[in-house]
Every structure is written in C-alpha cells, then in structure tokens.
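There are 2 protein chains.
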Amino acid sequence: PVGSPDSNANNHAWLGNSGNDYFMEVTTGKQIYMVSDGTGWTAEHSVNAALGQFEHCLVDRGCPVNTHLFSGIDDVERLLEIIKQAAKEGAMLVYTLADPSMAESARQACSLWGVPSTDVLGPITEAVASHLGVSPSGLPRGAPGRNFALTDEYFRRIESVEFTIKQDDGALPQNLHKADIILAGVSRTGKTPLSIYLAQKGYKVANVPIVMGVQLPKTLFQVDPEKVFGLTINPVVLQTIRRVRAKSLGFGTEARSNYSEMDYVREELEFAGKIFAQNPGWPVIEVTGKAIEETAAVVLRLYHDRKQRCSMPRISKRY
Amino acid sequence: PVGSPDSNANNHAWLGNSGNDYFMEVTTGKQIYMVSDGTGWTAEHSVNAALGQFEHCLVDRGCPVNTHLFSGIDDVERLLEIIKQAAKEGAMLVYTLADPSMAESARQACSLWGVPSTDVLGPITEAVASHLGVSPSGLPRGAPGRNFALTDEYFRRIESVEFTIKQDDGALPQNLHKADIILAGVSRTGKTPLSIYLAQKGYKVANVPIVMGVQLPKTLFQVDPEKVFGLTINPVVLQTIRRVRAKSLGFGTEARSNYSEMDYVREELEFAGKIFAQNPGWPVIEVTGKAIEETAAVVLRLYHDRKQRCSMPRISKRY
Ligand SMILES: Nc1ncnc2c1ncn2[C@@H]1O[C@H](COP(=O)(O)O)[C@@H](O)[C@H]1O
Ligand SMILES: Nc1ncnc2c1ncn2[C@@H]1O[C@H](COP(=O)(O)O)[C@@H](O)[C@H]1O
Ligand SMILES: [Mg+2]
Ligand SMILES: [Mg+2]
Numbered sequence: 003p004v005g006s007p008d009s010n011a012n013n014h015a016w017l018g019n020s021g022n023d024y025f026m027e028v029t030t031g032k033q034i035y036m037v038s039d040g041t042g043w044t045a046e047h048s049v050n051a052a053l054g055q056f057e058h059c060l061v062d063r064g065c066p067v068n069t070h071l072f073s074g075i076d077d078v079e080r081l082l083e084i085i086k087q088a089a090k091e092g093a094m095l096v097y098t099l100a101d102p103s104m105a106e107s108a109r110q111a112c113s114l115w116g117v118p119s120t121d122v123l124g125p126i127t128e129a130v131a132s133h134l135g136v137s138p139s140g141l142p143r144g145a146p147g148r149n150f151a152l153t154d155e156y157f158r159r160i161e162s163v164e165f166t167i168k169q170d171d172g173a174l175p176q177n178l179h180k181a182d183i184i185l186a187g188v189s190r191t192g193k194t195p196l197s198i199y200l201a202q203k204g205y206k207v208a209n210v211p212i213v214m215g216v217q218l219p220k221t222l223f224q225v226d227p228e229k230v231f232g233l234t235i236n237p238v239v240l241q242t243i244r245r246v247r248a249k250s251l252g253f254g255t256e257a258r259s260n261y262s263e264m265d266y267v268r269e270e271l272e273f274a275g276k277i278f279a280q281n282p283g284w285p286v287i288e289v290t291g292k293a294i295e296e297t298a299a300v301v302l303r304l305y306h307d308r309k310q311r312c313s314m315p316r317i318s319k320r321y
Numbered sequence: 003p004v005g006s007p008d009s010n011a012n013n014h015a016w017l018g019n020s021g022n023d024y025f026m027e028v029t030t031g032k033q034i035y036m037v038s039d040g041t042g043w044t045a046e047h048s049v050n051a052a053l054g055q056f057e058h059c060l061v062d063r064g065c066p067v068n069t070h071l072f073s074g075i076d077d078v079e080r081l082l083e084i085i086k087q088a089a090k091e092g093a094m095l096v097y098t099l100a101d102p103s104m105a106e107s108a109r110q111a112c113s114l115w116g117v118p119s120t121d122v123l124g125p126i127t128e129a130v131a132s133h134l135g136v137s138p139s140g141l142p143r144g145a146p147g148r149n150f151a152l153t154d155e156y157f158r159r160i161e162s163v164e165f166t167i168k169q170d171d172g173a174l175p176q177n178l179h180k181a182d183i184i185l186a187g188v189s190r191t192g193k194t195p196l197s198i199y200l201a202q203k204g205y206k207v208a209n210v211p212i213v214m215g216v217q218l219p220k221t222l223f224q225v226d227p228e229k230v231f232g233l234t235i236n237p238v239v240l241q242t243i244r245r246v247r248a249k250s251l252g253f254g255t256e257a258r259s260n261y262s263e264m265d266y267v268r269e270e271l272e273f274a275g276k277i278f279a280q281n282p283g284w285p286v287i288e289v290t291g292k293a294i295e296e297t298a299a300v301v302l303r304l305y306h307d308r309k310q311r312c313s314m315p316r317i318s319k320r321y
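Protein sequences appear in the order of chains Z and F. Just so we're aligned, residue 3 is where the first sequence starts under my numbering, counting upward by one. Just so we're aligned, residue 3 is where the second sequence starts under my numbering, counting upward by one.
Treat the hints with care, since some could be wrong.
Copies of the same chain look alike in the list, so a pair counts if it works inside one copy or between any two.
To be verified - In silico PhoX-like links for lysine-lysine, alpha-carbon gap of 20 Å or less:
1. Lys180 with Lys249
2. Lys203 with Lys86
3. Lys90 with Lys220
4. Lys276 with Lys220
5. Lys309 with Lys203
6. Lys168 with Lys32
7. Lys90 with Lys180
8. Lys220 with Lys249
9. Lys249 with Lys276
10. Lys249 with Lys168
It should be emphasised that the hints constitute simulated quantities derived from the structure, not laboratory data.
Next comes chain Z alone, as it looks inside the complex (with noise of 0.2 Å):
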C-alpha cells in the first residue's frame, strides 16, 4: 500500500488560518508524522513496513492514514513546530534525531502535548553503540563538515546502475559476461524493475527478454549459469498485467490481442519453460503475487548462498 506522491491533492484541503502561520489541514483518517535531521527515508521505509501490518483494514479504507514526511529537520524551533501541528491534528509521530538533545526535545515535547511518539532508530543505535563499546557521533547525516565520502562502493553502486540501464531488455548481449546478475522472462514479469533494484544495491544486472519464436543470445548461454535466473509467473495475472501495459502503450486491438491473449500468453510461458528445463543450472523465480523487493530478496538469497555454500545462507557485507 503505497502512497502516491501527488494522491493527497485530491483528499486535503489546506485552509489558510490568518491568525497564525499554520494551516489547518481539513482530511480524512489517521495522520502519522515522520521526523528526521537526514532524508526521512528510514523513518518512511520503517513507517512503510508498519503498516503493513494493517493491510487488512488500509485495503478498503477502513482505516485511512495519511503520512508527512519531514526531513532535514536540525533545529529545535523547526522540531517543535511540527510537533505543535502534529498535536492540532491528533496525529502521532515517529522519529529520527541524531543528536541526542534534539531526540530529548521531540520526546519532551511530544509527552507534553500528547502526541503519540516513536524513536525509530534509538534504541538500535545504542544497542550497536554497546555492541561495539563506541559512542554514537551524535551529529545528523548532513551536519556542517560531515561530508559523504568517494568511497570505491559509491563510485561502483553508480557503475552498477550504469550498467544495468544499458543492459536493460536484451540490449548489447556482447556485454552478458560482465553482468553479476542475468534475469530471463517473458514480457512483463518485472525484469526490469527488478534489475533497477538490484543494480541500485550494487550489482551489475543484465536482463534478457524471452519471446516465443526470437533465439536467445548466444552469449546468454556462454556465461556462467549460475548467474542467469529465470522468471515465471502464473499466465492469468501475467494477462491482466499485459493488458494494463497495452492499455497504457496504446496498443491497437490486434497487436494487444496478440499480445495479452490467454493462449499467447500460456504458450509463451511453455515456451519460456521449455528454456528454462534445458538449463537446469539456472534457478527459476516465481514472481506471481511477488512485490519487486521482495523478488530481488530471493534473487539475492539463491546469488549468496550459492557463493557460500557451506556456509548458512545469508548476505554478509563488511563495514
């Protein structure tokens, strides 16, 4: 259940409130605040996967939520008025403040006017600072002087996202060898999402389209197999994605009956099969039902353990 960016423009209504420089916000449902001195991104994600869990009643919109995303948030004046409005709104807040007065702040202050809270990251941060026997800088990701360093990982996750662009629906398969990570599919079974993701995460993807009655590229069967990875899916909803996608490309009615027809869509499928049984070392990926994270979570479980072997499966990286 993912927000749209611009969907609270058709639900708010913001009214000016002259006497003040706040502005009442006139909406439906619960709001959450999210607080943080960096980008936000790890209150929304931790928020994201929360409400998760109320999928059951978020669905119908039994129970309508609204988050706001604050970020950049490192002084206290800025702090203490968002918790005055989230007060105004009846709504909760979760936060991450790195400087601890500023975290003190926001608990005070929420205590103070009832304002439901949550520090997301406190409590790890100081089981890690124990963990390590080193205390926490203290200081937000964009503090004066803390500057992002050019480390070999940035300059190689850009590489990887590089790549994969280039890389992307079959393109310049001269190139397979270079790739850590080779998807295979029919149409619209998420390669290229999916390879956004995973290059976005450092690796390098290539990603091959299987259409029924096009060669595969030479060079896909030439590369270790162990890195190519099949995509399937069940055909009834691969068919309403396609007709989604033709829809949306403005197919005329042939090209898209071709296209999303069930029994195109199963034969294609067969056929994508048949490829994937003469290549029993490549391991085959049900993506039906799938969001792309988590597809590229067992992607990447199957990329590692097969790395490891001996070893219990997991992704290990060093700090």
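Using the hints provided, position chain F with the ligands relative to the given structure of chain Z.
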C-alpha cells in the same frame, strides 16, 4: 559506509565444523546479525543508518563491523539456529518478525543465550496499532495467502522506472513534457543515479546533460520551469569523480585530459551556471558531499513545497 556484496570474500574464512551443521566464521571485528521474516531490507536500512553514527571509527577500520542478513525466516527452528550461531560469534541481533510468537521466541532465545537484541518494528507497530485502534495482522509479508496486490501505484512505479530509463542522458527530448522532474547538469553530477532513485519512488524523471558548446533541447525551455532542477558541484570534487570515470571508461590520455582537466571542468561549470542564471525558475542544488539519497531528499522537498505552497513543507501520502 556501505559494504560491497562480495567484500566478505576477502576477509572471512569459512571453516567446516564437521561435528555439526554449523560453520565457524573466522573474521575480525564485531558481527551484527539481521533477521527478517520478509526481505530484510527494513532491518538493513535501519542498521545502515545507525552505523552512520559510528563513521568516525568505521572509516579507519578502528571498529570493523560485519553485518549478516538472514531473510525469509518464518519458522522458529531456523530462527533459533541463527540465534545460536549469533551467540557463538558474539554477534548482536536486529530483527523484524511480524508473528508475535516468533518475535517473542527471538527475544527469549537472545536473553537466554546472551545475545544483545533489538526489535526494529515492534515499537512502531504497537504505536500505530493504538493510534488506529486496530490490531496488527501478525502476518509476515510472504505468508501463504497474502499476495502482493497489483495496485495502480504498483503500475505507476514500474512505468516511472521504464520512462526514466528511456529518458536517460538527454534521450528523447520530445518527451520532456511528460516528466514530473527534469534534472540538468554537467557530466558526473549524479544525474543518472539520482533519476533512477527518484523513479523508484514513483516519479517520472528525465535528465539532460549540459555540455559546453552543445545546445540544450528547445523543449527544456518550454516545460514548466518548476519541474526543472539544476545540479552543481565543487570543481575539485568533480575533477576527482571525472578522473575515476575516465579511468574506468579507459579514455585515452588526450580525451581524458580534456574531460577532467581543471580548466575545462571549471569552464563547463561556469557554462552551466550561466544557463541556470538565465532560468531563475530552476532551483539549483549543490550536490558536493551529498549521497544520492540526500540529493533526492532535497529535490523532493522542493518539488512538494512548490506544489503545496501554503502548508508546512512536507511530503504527504495517502494509504
Ligand atoms: N551516514 C550517516 N552518518 C550519520 N548519520 C546518519 C547517516 N545516515 C543516516 N544517519 C542518521 O540516521 C537517521 C536516519 O537518516 P535518514 O534515513 O536520512 O532520515 C538520521 O538521524 C540521520 O542523521
Ligand atoms: N506489505 C506487508 N505486509 C505485511 N507485513 C509486511 C509488509 N511489508 C513488510 N512487512 C513486515 O515488516 C517487516 C520488515 O519487512 P522487510 O523489510 O521485508 O524485512 C517484516 O516482519 C515483514 O513481514
Ligand atoms: Mg523491460
Ligand atoms: Mg548519466
């Protein structure tokens, strides 16, 4: 400080422990175990942010840390096996487990075996539950019967990623009016990774390179200037980035000297600066020392502030 997916290969040795199914890890530094019944990305994201507070000792490897991600852990046997291994390695545990009985098992086993542990989402989930007056489902995201829904939002995100890939590096300028956000800047200001980052958040992004002596597409000046963002960077830092780039592309000495030579870099940035000055409606963002996600936060803050005008600067979403 983001670890390379493969960096563990360098400093870990996995020794078979023939007496049982476990393997001992011989490694330096402190271990952080992360366990999720889902993808593990929430735990990973939170640990990453928390580790930002220890950069002062991570950069010089004064306090080396290894993280280990275990995703899709939905039965208690595997959970206990992992915690036992964590105890052996003197690791701490960070977990996200939707099923309350799994979370309770983790808590108890950790306390029994002396593994410091933190439940990342438990507190937020409880706070949201009492804010909404609704009980959490207790079902992990991958639980049988729980299928990811093909929402409009899902299709919109995929479309954004596909649009953004097609519009990379100034391609198809006739489509600029279809973009939500347009990024303009000289080579190596991070336009491509920033575009992709924003695309995954659901925005259609186009990026347009500024190259000295090359005319910008006319369409760039025909679109709403409120959606165009200029990127600028310190020339010394840009030179460093370009040198790395030139090396990795294997430029000849001549091409390289032009592209990453200080005079040229400065002149090109001035050229860009003039274009920005001629288009005062475009906000100009300084990317020096900022991670991609930090620049993304600045872009989106401005983007939403301009849309909302009269409200407190925020990014609102509806669930
Ligand atoms: N690299 C970093 N260095 C220091 N603090 C960080 C870093 N990354 C994230 N944080 C902090 O972690 C919290 C969450 O960050 P963000 O996800 O950017 O909102 C904020 O308090 C940030 O200041
Ligand atoms: N859409 C969702 N529905 C139910 N639970 C979710 C959802 N997204 C995340 N979670 C839960 O939130 C925690 C973190 O998820 P993840 O980031 O996938 O590891 C896990 O316990 C997941 O089961
Ligand atoms: Mg594609
Ligand atoms: Mg580029």
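Taking the hints in turn, this is what the structure says about them:
no.: 1; hint: Lys180 with Lys249; verdict: between (35 Å within a copy, 17 Å between copies)
no.: 2; hint: Lys203 with Lys86; verdict: neither (38 Å within a copy, 29 Å between copies)
no.: 3; hint: Lys90 with Lys220; verdict: neither (64 Å within a copy, 47 Å between copies)
no.: 4; hint: Lys276 with Lys220; verdict: within (17 Å within a copy, 49 Å between copies)
no.: 5; hint: Lys309 with Lys203; verdict: within (17 Å within a copy, 31 Å between copies)
no.: 6; hint: Lys168 with Lys32; verdict: neither (43 Å within a copy, 38 Å between copies)
no.: 7; hint: Lys90 with Lys180; verdict: neither (56 Å within a copy, 38 Å between copies)
no.: 8; hint: Lys220 with Lys249; verdict: neither (33 Å within a copy, 30 Å between copies)
no.: 9; hint: Lys249 with Lys276; verdict: neither (29 Å within a copy, 43 Å between copies)
no.: 10; hint: Lys249 with Lys168; verdict: between (26 Å within a copy, 19 Å between copies)
Hints 2, 3, 6, 7, 8 and 9 from the earlier list are contradicted by this structure; the remaining hints agree with it.
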